[in-house]
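Number of protein chains: 2
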Amino acid sequence: MSGRNCKGPFKILVLPGDGIGPEITREAVKVLKALSEKSGITFNFQHGLIGGAAIDEVGVPLPAETVELGKKSDAILLGAVGGPKWDNLPPEIRPELGGLLKIRKVFDLYANLRPVMFFPELKNASPLKPDIIEGVDILMVRELTGGLYFGEKKRITTEQGEQAVIDTLIYTEKEVERVVRLGFELAQKRGGKLTLVDKANVLESSRFWREVAEEVKKDYPEVTLSYMYVDNCAMQLIRNPRQFDVIVTENMFGDILTDEGSVLAGSIGLLPSASLNGKFGLYEPIHGSAPDIAGQNKANPLATILSAGMMLRYSLDCPEEALLIEKAVKAVLQKGYRTGDILEPGTTLVTCEEMGDLVAEEILGGVYDEGLPL
Amino acid sequence: MSGRNCKGPFKILVLPGDGIGPEITREAVKVLKALSEKSGITFNFQHGLIGGAAIDEVGVPLPAETVELGKKSDAILLGAVGGPKWDNLPPEIRPELGGLLKIRKVFDLYANLRPVMFFPELKNASPLKPDIIEGVDILMVRELTGGLYFGEKKRITTEQGEQAVIDTLIYTEKEVERVVRLGFELAQKRGGKLTLVDKANVLESSRFWREVAEEVKKDYPEVTLSYMYVDNCAMQLIRNPRQFDVIVTENMFGDILTDEGSVLAGSIGLLPSASLNGKFGLYEPIHGSAPDIAGQNKANPLATILSAGMMLRYSLDCPEEALLIEKAVKAVLQKGYRTGDILEPGTTLVTCEEMGDLVAEEILGGVYDEGLPL
Ligand SMILES: [Mg+2]
Ligand SMILES: [Mg+2]
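Chains A and B are the protein sequences, given in the same order.
Every letter in the first sequence is one number past the one before it in full-length UniProt numbering, and letter 177, counting from 1, is 177.
Every letter in the second sequence is one number past the one before it in full-length UniProt numbering, and letter 147, counting from 1, is 147.
Some hints could be false.
Calculated lysine-lysine pairs in the BS3-like style (CA-CA distance at most 27 Å, straight line) [claimed, not checked]:
1. B:Lys330 <-> A:Lys153
2. A:Lys153 <-> B:Lys217
3. A:Lys330 <-> B:Lys129
4. A:Lys330 <-> A:Lys193
5. B:Lys11 <-> B:Lys279
6. A:Lys154 <-> B:Lys129
7. A:Lys174 <-> B:Lys153
8. A:Lys335 <-> B:Lys129
9. B:Lys174 <-> A:Lys154
10. B:Lys123 <-> A:Lys129
11. A:Lys154 <-> B:Lys154
What the simulated footprint calls covered on chain A by chain B, stretch by stretch (three residues with Cβ under 8 Å from a Cβ of chain B suffice, anywhere in the stretch; the number is not a length) [said to hold, decoys possible]:
12. 27-37
13. 124-131
14. 154-160
15. 164-175
16. 313-322
17. 326-334
These are calculated hints, taken from the structure and not from any lab test.
All C-beta atoms in this analysis are idealised placements derived from N, C-alpha and C, irrespective of residue type, glycine included.
All chains, full assembly: derive it from the sequences and hints.
Okay, here's the thing in structure tokens:
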């Protein structure tokens with residue numbers, strides 16, 4: 001393979017988590033092993049506890065051992081956390097807050113990357129008309145450490161003696177700079193277009209983001225930077241999503257827009273994500289732990305497999321291998337194989353395990369030899 | 001007519017504004033006059049200056065005389081403001097900020113009402129598939145006076161010596177109470193379902209809104225109150241918009257969601273709005289002043305005509321007459337008449353004036369006599 005740095009050995013920490021987490025991460029690891037067999041990249045997989053599984057085993061949702069393992073690894077591949085079993089615990093020690101959000105904080109993962117991908121085979125599942133959704137390929141970058149999420153919150157009594165409430169939106173220059181720079185880096189490697197989404201006609205913080213972006217822009221003369229108000233972006237994602245390449249935005253706007261984006265293509269069960277701090281990252285499907293079908297070999301592992309693909313691209317310097325995984329997934333879909341969540345008339349139902357096998361087979365014998373740009 | 005209070009004389013202040021404003025308000029007034037002729041309601045129309053037209057005439061975007069006229073009126077019907085001619089003025093004295101936003105502030109218009117309506121005749125224009133958009137009928141209520149828009153904004157230097165920026169989201173109990181109560185009132189008159197959209201898993205202000213809503217709810221036992229996170233709502237509006245009846249939300253979330261909602265049905269040129277303070281309100285189309293086609297008799301007056309319909313419903317206690325205007329608009333669309341912005345193969349192009357005539361004719365001779373629930 002061409003990847004100069006793409007040899008390994010790469011230390012991957014696998015955190016299966018709860019519900020369908022163990023099944024879907026197992027298939028993603030299977031696919032990575034197939035890639036290793038075919039290409040010679042070495043992966044060292046270690047497994048760790050997180051979420052409800054960690055609570056059951058050692059009493060806390062994020063054991064210190066998991067953090068230690070993470071620190072020694074090149075990237076983390078996570079399944080999903082949470083389930084009704086742990087929903088009555090205090091929020092801070094539940095799988096979501098005490099496990100997932102805490103590990104993001106511990107590793108200072110400041111950027112959440114969410115692709116909005118269109119799979120022609122799934123176009124019937126999109127709520128949008130085909131002429132609007134076809135060809136859409138967006139990478140959304142959401143800032144994860146600042147904004148309204150972590151600013152001061154308080155109840156006050158006004159001078160008029162009235163009850164009132166305050167949330168604070170705060171950003172430091174460093175927080176803005178690193179995520180905007182990442183947006184430029186990504187745009188440079190993709191279509192060369194970066195859209196900063198904000199509300200600069202209202203928010204001082206948005207005007208600050210624009211000032212920082214104008215500075216960072218000087219280092220990326222090939223990237224076209226444009227600005228768009230968040231309310232307009234919420235419209236444009238529906239009317240004309242093909243106009244976007246990379247979008248970068250602050251935490252709350254990103255929360256709203258990434259979720260809006262996730263339903264456009266109708267393939268929410270296939271969408272991966274990355275949470276990055278520089279090259280280090282945590283990779284996971286955007287869907288949840290689906291406790292209702294856990295352990296039944298019914299889950300769709302493709303979002304986790306594609307998350308492993310993002311890991312190759314963003315943490316391991318293996319962009320061609322990432323493409324290979326994406327191509328293998330597309331090939332399997334094209335051949336008509338579907339898990340239950342995306343089953344349609346005329347397609348073939350397969351189990352979680354069979355889906356993993358099919359993608360691995362494509363890599364071992366199919367798409368790999370077809371002359372990808374490797 | 002049945003409306004006990006719906007007789008008048010009603011004092012309506014008409015503010016044509018800029019661009020296509022004069023043409024579209026003229027047609028809305030024409031329709032109200034037809035209604036008056038048929039039903040015996042008395043309207044006293046006064047005209048005032050706002051926006052660029054006011055700047056050109058008397059030097060300021062919101063003359064004191066306009067405010068005085070507004071104070072003496074039962075409602076205000078506005079066209080649109082702004083245009084390239086005034087874009088180089090300082091923001092505070094431009095038509096938008098110094099005219100439109102200022103009049104909203106002067107009259108303390110605290111709730112913006114935006115219907116998301118589906119017109120079967122325009123379904124080809126929707127970006128959504130017909131099975132998703134058919135039958136959608138949502139009323140969105142956005143709080144207009146609080147939140148991130150009016151809280152303190154500042155640049156600071158952190159203890160570590162870093163540049164940082166702060167915006168403040170602030171709400172008083174009164175601000176929340178009045179708009180939440182309006183949401184309940186509206187839901188009670190419609191489908192009986194109110195959805196409070198917030199981010200209560202993150203924001204203290206959202207938790208405050210929920211506490212207020214739980215109190216106000218006691219006065220509306222027939223209304224079903226539910227809560228939804230804003231990111232989920234951004235998804236649900238696309239996946240399953242029929243689930244919503246009335247949505248109430250804070251200022252910024254409302255800004256984003258009303259704009260997202262406005263493109264769902266593909267009929268943005270037909271969407272009216274109301275900005276209310278109790279019964280008093282300002283009514284206007286959601287579209288802009290379209291300076292490029294101003295004065296050419298091409299503009300679509302339907303959003304302004306439907307805004308006059310909202311005025312009848314929310315400020316003048318004439319709900320049946322409001323329905324009549326809506327029915328007249330639907331009848332004209334059904335007969336295939338279209339302005340240029342919504343023209344499709346097989347439909348008939350009409351001018352702005354002809355469109356107004358057609359709706360007025362329906363009221364004078366058509367739908368009025370067909371046995372509306374009057
Ligand atoms: Mg979200
Ligand atoms: Mg807006």
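Hint-by-hint comparison with the structure:
1. B:Lys330 <-> A:Lys153: 48 Å, violated
2. A:Lys153 <-> B:Lys217: Status holds; Cα separation ~25 Å.
3. A:Lys330 <-> B:Lys129: Satisfied, since the Cα-Cα distance of roughly 24 Å is no more than 27 Å.
4. A:Lys330 <-> A:Lys193: Roughly 25 Å between the alpha carbons, so the hint for A:Lys330 and A:Lys193 holds.
5. B:Lys11 <-> B:Lys279: OK: B:Lys11 and B:Lys279 at ~13 Å, within 27 Å.
6. A:Lys154 <-> B:Lys129: Outside the cut-off at roughly 44 Å; violated.
7. A:Lys174 <-> B:Lys153: Status holds; Cα separation ~19 Å.
8. A:Lys335 <-> B:Lys129: 26 Å, holds
9. B:Lys174 <-> A:Lys154: OK: B:Lys174 and A:Lys154 at ~17 Å, within 27 Å.
10. B:Lys123 <-> A:Lys129: 11 Å, holds
11. A:Lys154 <-> B:Lys154: Roughly 18 Å between the alpha carbons, so the hint for A:Lys154 and B:Lys154 holds.
12. 27-37: violated (count 0)
13. 124-131: That given contact holds, which follows from 4 residues of the segment 124-131 of chain A lying within Cβ reach (below 8 Å) of chain B.
14. 154-160: Result for this restraint: holds, n = 3.
15. 164-175: Per the Cβ count (11), the hint holds.
16. 313-322: With 0 residues in contact (Cβ-Cβ under 8 Å with chain B), the coverage given for the segment 313-322 of chain A is violated.
17. 326-334: That given contact is violated, which follows from only 0 residues of the segment 326-334 of chain A lying within Cβ reach (below 8 Å) of chain B.
In summary, the structure is inconsistent with hints 1, 6, 12, 16 and 17 from the numbered list given earlier, while agreeing with the others.
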